[in-house]
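One-letter residues, chain by chain:
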Amino acid sequence: MVEATGTPLDRVDGRLKVTGAARYSAEWDVPGLTYGAIVTSTVAHGTVRAIDSTAALRAPGVLTVLTHENAPRLQPFPEKVNGSLFRGEGGITETRQPLQDANVEYAGQPLAVVVADTLERARHAASLVRVTYEQRPPELNITASSRRTLPETFTGNKEEKLQVTVGDPKVALAAAPVKLEQVYESAITHHNPIEQLASIARWETRNGSEFLTLYDTTRGVENMQEVVSNSLSVPKENVHVICPFIGGAFGSKGWLFAPPLLTAMAARVAKRPVKIEWRRQDMFAVAGQRAATRQTLSLGATRDGKLTALQHDTQTHSSQSSGYTEPCARVSRMMYAVPNLGFAHQLSHLHLPSPCPMRGPGETVGGWALECAMDELAAELNLDPVELRLRNYAETNPETGKPWSSKHLRECYARGQELIGWSKRNPKPRSMREGNTLIGYGMATTMYPAARRPAEAKATLFADGRALVQSATHELGNGAYTIFRQISADGLALPVERVRFELGDSALPNAPTSGGSATTATIGPAALAACRNVLGALKRLAIRDAQSPLYGATEDALEARDGRLVRKAAPTQGEEYGTILRRAKLPSLEASGEAKPGDEREKYSFYSFGAVFVKVRVDELTGTIRLAQLCAVYDVGRLMNPKTAHSQIIGGVSMGLGATLMEETHYDQQNGRAVVRNLADYHVPSMADTPNIQVEWLNIPDPHISELGARGIGEIGCVGTPAAITNAVYHATGRRFRSLPLTPDKVLPT
Amino acid sequence: MYPFQYQRATTPEQAVAAVAKVSGAAFVAGGTSQLDLMKEDVLRPSLLVDVSPLPLKTISAFEGGLRLGAGVSNTAAAIHPEVQARYPAVSEALLAGASTQIRNMASMGGNPLQRTRCPYFRDPAQPCNKREPGTGCAALKGLNRVHAIFGASTACVATHPSDLAVALAALDAQVQVTGPGGTRTIAFPDLHRLPGDTPQQDTTLVPGELITSIDLPSFTGRSHYLKVRERASYAFALVSCAVALEMDGKKIRRARVALGGVAHKPWRVPAAEALLAGKKPSEKLFRAATEVAFADAKPLEHNAYKLTMGRNLMLRALLETSGLQPLQGPAGTAFAASVGGVGGE
Chain A
1 MVEATGTPLD RVDGRLKVTG AARYSAEWDV PGLTYGAIVT STVAHGTVRA
51 IDSTAALRAP GVLTVLTHEN APRLQPFPEK VNGSLFRGEG GITETRQPLQ
101 DANVEYAGQP LAVVVADTLE RARHAASLVR VTYEQRPPEL NITASSRRTL
151 PETFTGNKEE KLQVTVGDPK VALAAAPVKL EQVYESAITH HNPIEQLASI
201 ARWETRNGSE FLTLYDTTRG VENMQEVVSN SLSVPKENVH VICPFIGGAF
251 GSKGWLFAPP LLTAMAARVA KRPVKIEWRR QDMFAVAGQR AATRQTLSLG
301 ATRDGKLTAL QHDTQTHSSQ SSGYTEPCAR VSRMMYAVPN LGFAHQLSHL
351 HLPSPCPMRG PGETVGGWAL ECAMDELAAE LNLDPVELRL RNYAETNPET
401 GKPWSSKHLR ECYARGQELI GWSKRNPKPR SMREGNTLIG YGMATTMYPA
451 ARRPAEAKAT LFADGRALVQ SATHELGNGA YTIFRQISAD GLALPVERVR
501 FELGDSALPN APTSGGSATT ATIGPAALAA CRNVLGALKR LAIRDAQSPL
551 YGATEDALEA RDGRLVRKAA PTQGEEYGTI LRRAKLPSLE ASGEAKPGDE
601 REKYSFYSFG AVFVKVRVDE LTGTIRLAQL CAVYDVGRLM NPKTAHSQII
651 GGVSMGLGAT LMEETHYDQQ NGRAVVRNLA DYHVPSMADT PNIQVEWLNI
701 PDPHISELGA RGIGEIGCVG TPAAITNAVY HATGRRFRSL PLTPDKVLPT
Chain B
1 MYPFQYQRAT TPEQAVAAVA KVSGAAFVAG GTSQLDLMKE DVLRPSLLVD
51 VSPLPLKTIS AFEGGLRLGA GVSNTAAAIH PEVQARYPAV SEALLAGAST
101 QIRNMASMGG NPLQRTRCPY FRDPAQPCNK REPGTGCAAL KGLNRVHAIF
151 GASTACVATH PSDLAVALAA LDAQVQVTGP GGTRTIAFPD LHRLPGDTPQ
201 QDTTLVPGEL ITSIDLPSFT GRSHYLKVRE RASYAFALVS CAVALEMDGK
251 KIRRARVALG GVAHKPWRVP AAEALLAGKK PSEKLFRAAT EVAFADAKPL
301 EHNAYKLTMG RNLMLRALLE TSGLQPLQGP AGTAFAASVG GVGGE
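If you read the protein sequences in the order shown, they are chains A and B.
Read in UniProt numbering, the first sequence has 585 at position 585, and its numbers run on one by one without any break.
Read in UniProt numbering, the second sequence has 183 at position 183, and its numbers run on one by one without any break.
Possibly wrong hints are sitting among the right ones.
[Unchecked claim] Here are a few chain B residues that sit away from chain A, every Cβ distance over 10 Å (derived from the structure): (1) 21; (2) 58; (3) 80; (4) 101; (5) 105; (6) 115; (7) 176; (8) 181; (9) 202; (10) 215; (11) 217; (12) 231; (13) 294; (14) 331; (15) 341.
[Stated by the list, open to error] EDC-like mimics (lysine to aspartate or glutamate), calculated; alpha carbons at most 20 Å apart, straight line: (16) 746(A) <-> 301(B); (17) 603(A) <-> 159(A); (18) 585(A) <-> 599(A); (19) 39(B) <-> 195(A); (20) 271(A) <-> 117(A); (21) 402(A) <-> 602(A); (22) 39(B) <-> 117(A); (23) 424(A) <-> 384(A); (24) 424(A) <-> 345(B); (25) 161(A) <-> 313(A); (26) 39(B) <-> 681(A); (27) 17(A) <-> 502(A); (28) 643(A) <-> 497(A); (29) 298(B) <-> 745(A); (30) 57(B) <-> 82(B); (31) 161(A) <-> 79(A); (32) 306(A) <-> 210(A); (33) 402(A) <-> 160(A); (34) 428(A) <-> 384(A); (35) 458(A) <-> 384(A); (36) 80(A) <-> 226(A).
Rather than coming from a laboratory, the hints here were simulated on the basis of the structure.
Predicted model, so just to flag it, every value in this text is computed and none were measured.
Glycine included, each C-beta is placed from N, C-alpha and C at the ideal position.
So here's chain B without its partners, still in its complex pose (with noise of 0.2 Å):
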């Protein structure tokens, strides 16, 4: 670990002006994976503010939504009733993710602004154009079998780890910003970016802003979280999906459809919406979007895989969510949420 300086801020005015003044310098809330970072020299800030002591800890009704303080926990947000009752996705993305331990630590803010799994960023001895731009990929010769098969480029493979994020892509929720400049509101699909030449940079907040609160906007359909991982708790997504489902009588209003696993951000598929939209709701109707899906999926060497397990977790995943397949637990819970359940009868 390298050294370096820590403030506690009072106000997000004040911890953005200590951030923005100092050339390196970084917010720091749970740090639950910002630290294991830095113990293993991937991340070396010369400042880190914290940020936990803020007042931005409250969930809160806003203009028909909620809106979730940016230092609420993981936990208070997963469990919190009304998210568990309107945004059932939001829940089953929280609490299939990391553990108890992490998930009090770790905040809404802090979440979606977690670095990729990537095993060659996390090894300073590895080459990677995200730690250190330049150096090359160590992953598109390399294990590439958890990595993008969506708006990868050459520089970078890696995909964003959050469940989280997912399904507040698939939301759309409105993310508020703090900073140098003044305040902003960034939809949710628009905070992460596709590395292009620049993988370096996950997101497109600029140097010293700060999220203050994560808005969920007036929904009244059914949402839904799918994830498939490596063991029954404690994982990270091989690919996931969020479904929003809003419905017209029988019919399909509008759906989002936003995967997880499979690209350098959440991964919206607009075609595939397009294709739900007006249409009742069948099998037959969901395979095709997820055809539409995949139909531009690009697999490296470890991970086409990722291609028919896609397309299986989108299909259930809309079957769930509308009803023609029951849930696979109680909404708004990790079992409903996690596909093959835990272990035992």
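The shape of chain A in the complex, shown without the other chains (with noise of 0.2 Å):
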């Protein structure tokens, strides 16, 4: 049987998808169901005075209205929850539990949950809720705020530290021939996934003791449960989410926990199972976002374009009740090899939304910087930016002096200049025009920390001959369930149309939060791991049986094969798993299986990497500036399915095209309120802005990261698109941009 794994298997729930069946968060159908809406904080800062709910209680069909003064009490959140750090600096969760107190730290901060039969019903008594607050002036400049805090690693990682220093960067800047520092800034985006946020809450007393079941828009089955049921003092076991569709998450949906704590809360007093909904415009203040940066890049080089020093300083902010900090200096600390090598990271705690991990969490925004940087250092230096690049290989781990587990960045710029006519070009600025357009390429580098976390699986063989893998893992869009079906076809040596995967169920095995592009190096090997040993536990049940062929060999001497355990030495024997099963009167046969990082994570750096040839046009008397192509090529391990990374890769592609060229969330000034707060307003990139996109890979297996060779492909794909756009519309203008996003206004000449 020819291997499903690496082929490109259509998307198997796909049909579902399209046809509306596969059921996201507020689709299930709850008998009971009642609705919540929100009323939130029209003030960045202040004190609830009073909250009037009299109006929205005589309004038809109201149930409840939770504030403050009557939901009931929360526990505050732990230290820590699956090894991250949610508390303090550095840490990654808001922990402000809602409707405890009257305090407000931000605008759309939940103030009270408003349930009523109808969703409409619900949605005009919210709007009959009347608030006064005792204001406090918001601060809302990064650069001016007064608590300002220098976190020490970022969640809690040691192997992720935020203030850094290897060597002596100031002196060596000092001493440097040749020495570029500038300044680059970025701006508040959202997530914006196409699917809100929603949950579904539902009590039930089962055996004289609550039970709670939640239906939550998470890509953290596990982590919900833990972090709910502490919340709320029931036992982890009495919490059961659920969520086996998330319509995008980008970094949202997994670390931000007052939606669905406010739904369970609202079912508790109400009575009743409750819905809520989150509006487009909620999600602006609710769903996390990537903060803003301003970064300083320091490259000390030789005239020969040798790095001899980088200082990579970042000043980025959170709310007054989260640590999260953007971790800029990820590329940073481990893309050229650099003696001083120093990084820092300042946080101004701001009266704004919590901000969480956004598709290449640091990357995406720090990476942009360095690859600006290097670009900059490039033309100072009148080297092709490439031959600055790979003067400055970095062999081993600039931070840790530990060997990669796997590096082929050569080739990837070799490629990708081929693919993209590199040479063809005319290397100096502003050289190159059509018609009203100038035309520019550029390039960068791009790579994603290769992480692995421990996982658990289940599989199980049933006697009609199908099977059935679980573990409690996410589709996200991401395309989960079509590899871990492929992976697990392949564990059990059946055709992938006779097994299936669930996943998505805090019942399932044990897996963690989905996200750091981990997925699939996290949950494939355990998946593996359990059709192993349900393998050998079928084998075993056959050799105790006088009736099968294979009574009496060893385990060692069966191996799976089509459907069949045979004897290795003589194929011909053997027969179908199914006729085991049912000779044995066993309607299933089960086993659980794990797997987990070990010390080739001590051994070894493990990355991702990649290169981003781009080529743009500038219209630059209209400031407006097109995408003509984008040719990358990325070294991520074997691939599971290039179909679905495609798909993927090309939809990080455009997520860092829209961070470079048109997203942008401003908070007002004075008042702190997201200004724009919809998805006509909002640009992210439409179809016609993303046409010509070209992804290649290497496809040459990690040959330590696990027993399939496989990294992750979730955000590699956002990080160095910014970059090479930057590069390339610095080409096309000679015109220098470090201010992301890249909008008309300032692109236009002055």
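Could you fit the two chains together into a complex? Lean on the hints.
And the structure:
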């Protein structure tokens, strides 16, 4: 049988999704369902003086109104959850529990929940709730905030220090023959997945104790179970979190817990199941964002282009109750062989909503700054931008000294140049023109850390010849159902049609929050382990069965092939899995498996790499930039499915394009409210912006990451794209742009 | 959303009567912009009278020009052969706006009546004199990147968002209206008004007045629409420009220029139009016209770029309409109208 893994299998849930049969979190049919609507803060800083719910309570269909005065009490967040730091500086989440006090820390903060018998009545009644405030001036400026900190680590991970010095960058910079120091600024952006946040909470009494079922748009069913049970003081096993489909997350839907907690509290008080669907405008306050950054890049180099020093200092911001820090030096810390390397992160706590990871957290905007600075240095040295990168190619990780698990970046540069026709361009800036437009070519290096986490899975063989593999991971649109079915089919030596994969349920075997491009490397090996274990159990069953042709064999002498267990030495001797089970009168046979990273993590540094080349057209007199062509080549290990991988990578590239040219969330500098709050005015790339994206991959297995050889691909497409475009705009116009996004008003010459 | 009543109208007279007799009543046609605003609690009509069943869905010859029924969809008007051939600016403006789905729903009568995209208007928690007279204008001191540089007041700096309206203003279209006081004709440039102290009123229509058709006058010259936007499709104009040129041999007999995205209404530039009349098209002449057109622009903190962008765009629109520069795509299509074009080679 040909292996399913690595083939371009169509998305197995594609039909469900396009026909509307896939059930998303807001779509569960729960008997007796009621509807919650949120009242949010109109001001950014202050105290609620009074909430008058009288009119809302009198409105038709209203069951209850929850405010900080009558909501159930919640326990504070734990210090850490499943290994991630939650509280304090560098912590990943907002630790403000909803409706527990009268403080207002950002505009759009939930202040009340109105529950009614229909959505329309709930929303109308919510508009009748009157809130009065004791207002205080909000702090909204990243460089003028009174509360600034220097977080030690990103999310408590000791491997991810945020303040680091290797060698002596200060002295090396002072002594460098060529120096460059520039400030790069990036705007706040939002994930804006097409599916908005939604939760349904249902409480039941089972055997005298309270039991909560929560349907929620979460890519971390187990974290959610942990946080919700802890907050509501119910045993963990009494909370069941379900999420089989997510309509995009991109970093949101993982780390902010107020929406499900509000729903669970409302359902508890209303004594009815409650659904809360958040409106698009709410997503700009409660769903997380990528914080703005102000990054100072200092490069020192020799005249022949060898880097001697790199200092990357970031100013960014968070809310009053989150320590989340955009880790902007993630690329600088590992990309180039530089002996003197320093980076620092300063966090301003503002009266703005909490940030959280967003596709390529740190890498997307931090890598943009570094790769633009490298382009500026190349121009300064009169070197080809690719050549400058080759002269500083890191053969080992410059921060840790560890060898790479696998790195083929040189091939990416070479192939990318070939695809775009790099050598055919006139390298002189502002030298290429077609009609009204200037033409420019640019490139950037891209990367993504190849994380892997512990996970568990369960495999079940059925007597009718089908199989089921399960793990509490998530389908974000990433193709999880598809590739884990492929991997499991190979693990069980069955055709993919006979294998199902289930996910998105906290009752399933443990799996981490889906993030950090780690899902394939994390869940794939666990699924394979479960498959191996169930086949082992099946072998033992056959070996003990006197009627089996495999009777008496040793386990090692048997193998699974085409849905049969056979003797390795005589493959014609064997039988189908179902035959063994039916004779044993077993409807099914199941086994668990687990997999986790080992000491290879101590020995090697795990990263994916890539090179992005673009051609742009700049209509300078109107400030309009269009992507003419993008060619990117990635070294991401072995691909599980080239079709879903292609979709995921061009999606990442498109998101990087959006961050470069158009995406920006602006909070009013007087009152802290999000100014643009809908998808007509917050621009994400349209199809007409993204027509010519060509991506390739080397498909070289990583020999150390896992038996699958696969690293993740969720984020690498987003990283690298912004710098490649920005550098191409420089080549087109001869002008440097150091503030994202490159909207027409900035590009227009003054 | 606030509770409201809903009725379907069968004749224009009945629709007018229904709206005129109920305080807070409004017409609804495609609803593409109106329903969003209702969901955001910006608009709170007590009654919606649905005019989409009315027999106003035909395009017909009228006094040497074309009569576009108010119920004709934006798509149907944009791809009508007579519109595309004789009034390409209208097709270009329509096709460079919104999305296919929205154009299929949106009507010719409704499109010019869409409300501003000023973000402060769309958020009921922000001060906005247009939404709630007397509360102030948050955009004056806030983010005013997309706001007006002409004709604004201290009460309101919003711009009118319709692409179509800019083309209709340049073509001197006529608006037929039925209202409680009978029927009347409004010259398109007089349909919208400047904000002054009463920015809550976008137009000169009185309550209960219903647009029944948009009439395009006889026109034998060239027309063209150009638009700058922040992405290649589905974005409102930062600045746009419609030009209608009528030639007399090699000279311009009459030029009409309307700018979009710069004022509370489509902004005609009569001084520039007068400068162009009777002259031979040249880049030098057109540049002079753009200087005249923008002479009295008054930028806010974040929108001074519109002066440069607007002048550059108007110059290009004149060059392309006069034939001194080629159109960027076939006349009457979004490709001709979209500055920068779509991505790709």
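So, going through the hints one by one against the coordinates:
{"no.": "1", "hint": "21", "in the structure": "25 Å, holds"}
{"no.": "2", "hint": "58", "in the structure": "30 Å, holds"}
{"no.": "3", "hint": "80", "in the structure": "23 Å, holds"}
{"no.": "4", "hint": "101", "in the structure": "12 Å, holds"}
{"no.": "5", "hint": "105", "in the structure": "14 Å, holds"}
{"no.": "6", "hint": "115", "in the structure": "12 Å, holds"}
{"no.": "7", "hint": "176", "in the structure": "30 Å, holds"}
{"no.": "8", "hint": "181", "in the structure": "35 Å, holds"}
{"no.": "9", "hint": "202", "in the structure": "18 Å, holds"}
{"no.": "10", "hint": "215", "in the structure": "30 Å, holds"}
{"no.": "11", "hint": "217", "in the structure": "30 Å, holds"}
{"no.": "12", "hint": "231", "in the structure": "5 Å, violated"}
{"no.": "13", "hint": "294", "in the structure": "14 Å, holds"}
{"no.": "14", "hint": "331", "in the structure": "17 Å, holds"}
{"no.": "15", "hint": "341", "in the structure": "6 Å, violated"}
{"no.": "16", "hint": "746(A) <-> 301(B)", "in the structure": "14 Å, holds"}
{"no.": "17", "hint": "603(A) <-> 159(A)", "in the structure": "14 Å, holds"}
{"no.": "18", "hint": "585(A) <-> 599(A)", "in the structure": "43 Å, violated"}
{"no.": "19", "hint": "39(B) <-> 195(A)", "in the structure": "18 Å, holds"}
{"no.": "20", "hint": "271(A) <-> 117(A)", "in the structure": "12 Å, holds"}
{"no.": "21", "hint": "402(A) <-> 602(A)", "in the structure": "8 Å, holds"}
{"no.": "22", "hint": "39(B) <-> 117(A)", "in the structure": "18 Å, holds"}
{"no.": "23", "hint": "424(A) <-> 384(A)", "in the structure": "13 Å, holds"}
{"no.": "24", "hint": "424(A) <-> 345(B)", "in the structure": "16 Å, holds"}
{"no.": "25", "hint": "161(A) <-> 313(A)", "in the structure": "13 Å, holds"}
{"no.": "26", "hint": "39(B) <-> 681(A)", "in the structure": "16 Å, holds"}
{"no.": "27", "hint": "17(A) <-> 502(A)", "in the structure": "16 Å, holds"}
{"no.": "28", "hint": "643(A) <-> 497(A)", "in the structure": "18 Å, holds"}
{"no.": "29", "hint": "298(B) <-> 745(A)", "in the structure": "16 Å, holds"}
{"no.": "30", "hint": "57(B) <-> 82(B)", "in the structure": "16 Å, holds"}
{"no.": "31", "hint": "161(A) <-> 79(A)", "in the structure": "18 Å, holds"}
{"no.": "32", "hint": "306(A) <-> 210(A)", "in the structure": "65 Å, violated"}
{"no.": "33", "hint": "402(A) <-> 160(A)", "in the structure": "15 Å, holds"}
{"no.": "34", "hint": "428(A) <-> 384(A)", "in the structure": "10 Å, holds"}
{"no.": "35", "hint": "458(A) <-> 384(A)", "in the structure": "52 Å, violated"}
{"no.": "36", "hint": "80(A) <-> 226(A)", "in the structure": "11 Å, holds"}
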